[in-house]
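What follows is the residue order along each chain.
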Amino acid sequence: MNKKIALSLTALLLLAIYYFATSKKPSTVIAGTSVQPSKSTPSAASARPQKIFPSDSNTALPSEETRSAFLETTQRPATLEARNQVEQVALLIRDFRNALHQNPIGDNQEITASLLGKNQKQISFVIPVGSIVNEKKELCDNWGAPYFFHQLSASVMEIRSAGEDKTLWTADDIVER
Amino acid sequence: MNDSFPHFTTRRRDFLRQAACAAVGALSARATIRDLSLINTGAGQETFTDYKALVCIFLAGGNDSNNLIIPIGSDYANYAAIRQNLALQLNSVLPITSLNPDGRQYALHPTCPELTTLFAEQKLAFLFNTGPLVQPINRSQYQKGSVAKPPQLFSHSDQVTHWQTAIPDQAPLTGWGGRVADLLHPCQYTLNQDGVPTANASKVALCTSLAGANTFEVGNSFAQFHVSTSGAVTLGGVTGNRLQAVKDILSLQSTNLQRNAYADVTRRAIDIGDTLNLAIAPTLDRTDSSYTTQNNNATWYWRTGFTGIYNNGELGGFPNTSLGRQLKMIARLIAGRSPLSMKRQIFYAQVGGYDTHTAQVGTGAAPTDTSLGSHANLLNELSEAVYAFQRAMEQLQLSDKVTSFTASDFGRTFPTNGQGSDHGWGGHHMIVGGAVRGGRTFGTFPTLAVNGPDDTSTGRWIPTVSVDEYSATLARWFGVSQSNMSSIFPNLNRFANPDLGFMMP
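Note that the protein sequences, when read in sequence, are chains U and S.
Residue numbering for the first sequence follows the working numbering, starting at 1 and increasing by one per position.
Residue numbering for the second sequence follows the working numbering, starting at 1001 and increasing by one per position.
Worth flagging that the hints you see were computed from the coordinates, not collected in a lab.
Every residue gets a Cβ at the ideal spot worked out from N, C-alpha and C, and that includes glycine.
It is possible that part of the hints are untrue.
So the derived label-pair ranges between C-beta atoms look like this [what the hints assert, rightly or not]:
| hint | chain 1 | residue 1 | chain 2 | residue 2 | range |
| --- | --- | --- | --- | --- | --- |
| 1 | U | Q122 | S | A1171 | 37 to 45 angstroms |
| 2 | U | I132 | S | E1121 | 30 to 38 angstroms |
| 3 | S | D1050 | U | T170 | 51 to 59 angstroms |
| 4 | S | D1248 | U | W169 | 54 to 62 angstroms |
| 5 | S | P1095 | U | E158 | 37 to 45 angstroms |
| 6 | S | L1173 | U | R94 | 51 to 59 angstroms |
| 7 | S | E1121 | U | S124 | 29 to 37 angstroms |
| 8 | U | E65 | S | V1147 | 55 to 63 angstroms |
| 9 | S | A1171 | U | R94 | 37 to 45 angstroms |
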């Protein structure tokens, strides 16, 4: 009998702990705006990492100027378009990997050739609208600079656009995996 | 209140992960055909009476060895024209004179004077244009795709795996260091008349890593032992009666087999950690993190010749860098080999940062200063640490018993990308030790031309020496018999030189 009471009390205690633990979910603060995480299945876009400013509960928010500069850079139409294109190239690489069970290899020229049909199965993938293949047969971003393909493993490829300044490895690079 | 509790400053999970797998004799349940093969063939090996160690220094990220050793003389102009901002200045490089000249003159990076000294002392050799290969391949075959290539060329993790397994055309299961350990671990014991080990003499695993889990030392039968640069990971803050209480609890027998097994692993981990830390205690010097002024019996000094490392004016010590600290601990483990009853040891050290796509050389106000930048710093760290380690081995009178060698994901592209270099294939490597036929270069230096005979297309050298040949030469010196070589390196017979000749017999 005592054992049953003890079990009941334990169950009640666990329920209470669960209630308090879940009733006050921490919120994610993005650029100073409180956003409750969505309960719906995250889309590919929402699953991507986002630039998150730290919560004002612990750290001071960035200045208005910094926030404006950040928003101005990232929300510029050309940047948004470039970001979209990098995402499309990442999806293209994913499709290649799904079809051939490996990533294309080599430099931009070789990878572009692989995407365009020089691969084991001679599958020609469709280059995303807006992407450019230059005279050197390199896949380029919408500023005309060749993408840099950083081969991390057989299943992970980092795609880097040089950004508006057309110089790789600078702050305005757009990177997608 | 808190003081009455034992302080487990090391998380139990970490402790078990790092230390328990050192258990010697803990044969895993996943015995395979290869296990049986190695155990059977192992009977053909003799019991070792001498000591030898191999030290793998893995340069993670892909070392731009095109700037570690460079051609001077008539080849320099070509080198400078193609490398552009990456090209080392002719008046800054450190010329070396090879005992087996191949018609070229060479020099080392200006931040590597220590390596120049070791080369001149015939304790260091270079091996040119080495990389993973499925079988020999030339430019024409590469471009036609008529000969198999290692899968996922130019990708970091895949090429690391190929380097460390030396079987690029098979799914990675074991590293070549681990396979050597599987074969040779029993050869450290005395065998009875039936060729069966009479005692498990060695107290720790043959493979030790200073850089955490790695593929190189993965074997089928024996796990790699992970130590930190401070020694074996132990239960922090648990000493005296408390430690005895923990041991007593672990010794209790239970009807629960899982509990018994868990207790056994934990007890063994504690024992091995204690044994190892005791073995390395005599070589604690005043620059070790665990050294305290109260510990005034620590009178050991590493006679490496460096100045300014010991704060009491003594000459010597290891550089306080990532690689310096790792090699120092390896030196301490080697010094403590006798109490551990080790006859053979394989060590793994790793230093990252070699993926120099950008900032490889000086930037900002000094964009052409090749003595600056991330690569110069990395090579300087390598040069100093390797030199200190070699001097430490000489101090222990084990110079000809310990061989260090470099490995890396891949070489890098020969032309500049503007800020650095990109992923390549073949690269140059160095082997250091008293048993090395030093002061020489081995292999063939690539023709420095984009679209030349050694180039895939963009200045990525097609290796002319395979990882199999490189590794097999080291393994042969280490004690793997000729008859067992194919068990360790199943593709070796595809290549022309199972012994490249850079090790003395």
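Hint-by-hint comparison with the structure:
The hint said 37 to 45 angstroms for the Cβ distance between Q122(U) and A1171(S), and at roughly 26 angstroms that hint is violated. In this structure, I132(U) and E1121(S) break the distance hint of 30 to 38 angstroms, their C-beta atoms being roughly 56 angstroms apart. For D1050(S) and T170(U), the Cβ-Cβ distance of about 56 angstroms falls inside the hinted range of 51 to 59 angstroms, so the restraint holds. Remark: the range hint 54 to 62 angstroms for D1248(S) to W169(U) is upheld by a beta-carbon distance near 58 angstroms.
Between P1095(S) and E158(U) the CB atoms are about 39 angstroms apart, so this pair conforms to the stated range of 37 to 45 angstroms. A C-beta distance of roughly 27 angstroms is found between L1173(S) and R94(U), which places it outside the suggested range of 51 to 59 angstroms. Between E1121(S) and S124(U) the beta carbons are some 58 angstroms apart, a value that contradicts the proposed interval 29 to 37 angstroms. A hinted range of 55 to 63 angstroms holds for the C-beta pair E65(U) and V1147(S), which are about 59 angstroms apart.
Checked against the hint of 37 to 45 angstroms, the C-beta distance between A1171(S) and R94(U) comes to roughly 23 angstroms, which is inconsistent with it.
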